[in-house]
Amino acid sequence: MGVQFSGADMEAQMRVKDVFDPKWLLNPAKVFPLAVTAARRDA
Amino acid sequence: MRPGNETELAEAIRAAAGPVVVRGGGTRAIGLAPGVVLETGGLAGVELYEPGALTLVVRAGTPVAEVEAVLAGERQRLAFEVPDLRGLLGREGGSTIGGVVAANASGPRRVQVGAARDSLLGVRFIDGAGVIVKNGGRVMKNVTGYDLVKLMAGSQGTLGVLSEVSFKVQAVPEAEATLCCKGLDAAAAVAALAAAMGSPFDVSGAAWTPGGGALIRVEGLAGSVAYRAGALAERLGPGWERIEGAALWRGIRDVSAFAGVAGAVWRLSVKPSDAPGVLAALGPVTRDVVMDWAGGLVWLLVDEATPAATIRGALPGGHATRVRGSGDGPAFPPEEPALARLSTGLRAQFDPRGILNQGMMG
Numbered sequence: 001m002g003v004q005f006s007g008a009d010m011e012a013q014m015r016v017k018d019v020f021d022p023k024w025l026l027n028p029a030k031v032f033p034l035a036v037t038a039a040r041r042d043a
Numbered sequence: 001m002r003p004g005n006e007t008e009l010a011e012a013i014r015a016a017a018g019p020v021v022v023r024g025g026g027t028r029a030i031g032l033a034p035g036v037v038l039e040t041g042g043l044a045g046v047e048l049y050e051p052g053a054l055t056l057v058v059r060a061g062t063p064v065a066e067v068e069a070v071l072a073g074e075r076q077r078l079a080f081e082v083p084d085l086r087g088l089l090g091r092e093g094g095s096t097i098g099g100v101v102a103a104n105a106s107g108p109r110r111v112q113v114g115a116a117r118d119s120l121l122g123v124r125f126i127d128g129a130g131v132i133v134k135n136g137g138r139v140m141k142n143v144t145g146y147d148l149v150k151l152m153a154g155s156q157g158t159l160g161v162l163s164e165v166s167f168k169v170q171a172v173p174e175a176e177a178t179l180c181c182k183g184l185d186a187a188a189a190v191a192a193l194a195a196a197m198g199s200p201f202d203v204s205g206a207a208w209t210p211g212g213g214a215l216i217r218v219e220g221l222a223g224s225v226a227y228r229a230g231a232l233a234e235r236l237g238p239g240w241e242r243i244e245g246a247a248l249w250r251g252i253r254d255v256s257a258f259a260g261v262a263g264a265v266w267r268l269s270v271k272p273s274d275a276p277g278v279l280a281a282l283g284p285v286t287r288d289v290v291m292d293w294a295g296g297l298v299w300l301l302v303d304e305a306t307p308a309a310t311i312r313g314a315l316p317g318g319h320a321t322r323v324r325g326s327g328d329g330p331a332f333p334p335e336e337p338a339l340a341r342l343s344t345g346l347r348a349q350f351d352p353r354g355i356l357n358q359g360m361m362g
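Residue numbers (the working numbering), protein chains in the order written: chain A, 1 to 43; chain B, 1 to 362.
Simulated from the structure, these hints should not be mistaken for laboratory data. These numbers were taken from a predicted model, which means no experiment stands behind them. Treat each hint with caution, since some may be false.
Derived Cβ-Cβ restraints for the label pairs, each shown as a range [what the hints assert, rightly or not]:
#1 Ala222(B) with Ser6(A): 43 to 51 Å
#2 Arg41(A) with Arg287(B): 52 to 60 Å
#3 Arg138(B) with Arg41(A): 31 to 39 Å
#4 Lys23(A) with Asp147(B): 20 to 28 Å
List of simulated lysine-lysine pairs, DSS-like, C-alpha gap at most 30 Å [stated by the list, open to error]:
#5 Lys30(A) with Lys168(B)
#6 Lys23(A) with Lys150(B)
#7 Lys30(A) with Lys134(B)
#8 Lys150(B) with Lys30(A)
#9 Lys150(B) with Lys17(A)
#10 Lys17(A) with Lys168(B)
#11 Lys134(B) with Lys17(A)
C-beta: ideal position from N, C-alpha, C; glycine also.
Given the sequences, and given the hints that come with them, work out the whole structure.
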């Protein structure tokens, strides 16, 4: 993911998940690198 | 505003103080609220074209005519048959490829190859905060991450301004055949079109108009087309004749029957089998009909003052958009609450200031 997408690219994708799954409850460890999603999963 | 490249486009959006109306060729203008016009025409030109790989990457402001000319030079085309609605909408100018993607505008061949979004491999766009985002690529099999490509197609410029689009293109087939049967009413036509679509003969067009009758198209290698057209005619029964179809399909694609004719124009998306019932219910207000996608797409010419509620009330499902004319009620179909929540949420995420194409999509 980190090679193919820039931070802004991944941010745009994660914003879609924010809308469908605001609390990141559904398969939170999938699709995105864990380091990138840590803040969202902990919130 | 008319930025000349992607960086200037991003700066223009970042610097925007209020609502922005994104304009490609200016060939559509339904449901737009006022705002500063942001033209994409400065971002024009082919970035990459590999005919052997059937891949085309173009900047979003490139005129569709130019894209089609480049492809035609290699006997290729955009599979989804870009509609030209200038006549219908009474607009000047020429569509841009970015506008086509933003509207997910697709012609009769959608029943075979899918919509514009199904040919779209990748996008670059600027979101409402002025950030450049890319998604997808130049190949079909690109499975990493979320597919924002499909999200952007048909988003009407409400989530971001496209700066570059990549397509899978199609070789122009060697032959085409059109079968026509006049004198069918809507119900009989939809039944025949459904039978053709359900056949193994790979139909690439299925349309009907009250005056022109039902039309069925097959495309491919000459021998295959001759066989499939013959087999279809036999299966559908008497009354089906092979005719010269190119101009007729253009007319269906562009809804040219309604061009310059007074009245409001509605675009109905319905289950094909529901189409005859909807037409019967709306008979009293209907002046003319063009049916495409085997009944799944109904263009309706109605009296100017017809209220939106009359049209939408006649639909057992699906949705209706007023593409021309005025009247009571919203042009874009109201969304169900659950869907509206997602749409609103997406708009808030991608365009937090709510400046992009206000008033589009309801």
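Verification of the hints:
For the pair Ala222(B) and Ser6(A), the supplied restraint of 43 to 51 Å holds, since their beta-carbon distance comes to about 48 Å. Between Arg41(A) and Arg287(B) the Cβ separation comes to about 57 Å, which falls inside the hinted range of 52 to 60 Å. Look at Arg138(B) against Arg41(A): about 32 Å separates their beta carbons, and that is inside 31 to 39 Å. Look at Lys23(A) against Asp147(B): about 23 Å separates their beta carbons, and that is inside 20 to 28 Å.
Restraint check for Lys30(A) and Lys168(B): satisfied, since their Cα atoms lie roughly 29 Å apart, inside the 30 Å limit. With a CA separation close to 24 Å, the supplied pair Lys23(A) and Lys150(B) stays within the 30 Å bound. Distance hint between Lys30(A) and Lys134(B) is fulfilled; the C-alpha atoms sit about 21 Å from each other, no more than 30 Å. For the proposed pair Lys150(B) and Lys30(A), the alpha carbon gap of about 20 Å is at most 30 Å, so the pair holds.
About 15 Å separates the Cα atoms of Lys150(B) and Lys17(A), which keeps this hinted pair within 30 Å; it holds. Taking the CA atoms of Lys17(A) and Lys168(B), the gap is near 27 Å; set against the 30 Å cutoff, the hint holds. Simply put, Lys134(B) and Lys17(A) have alpha-carbon atoms about 17 Å apart, close enough for the 30 Å limit, and the pair holds.
Hint compliance for this structure: every hint is met.
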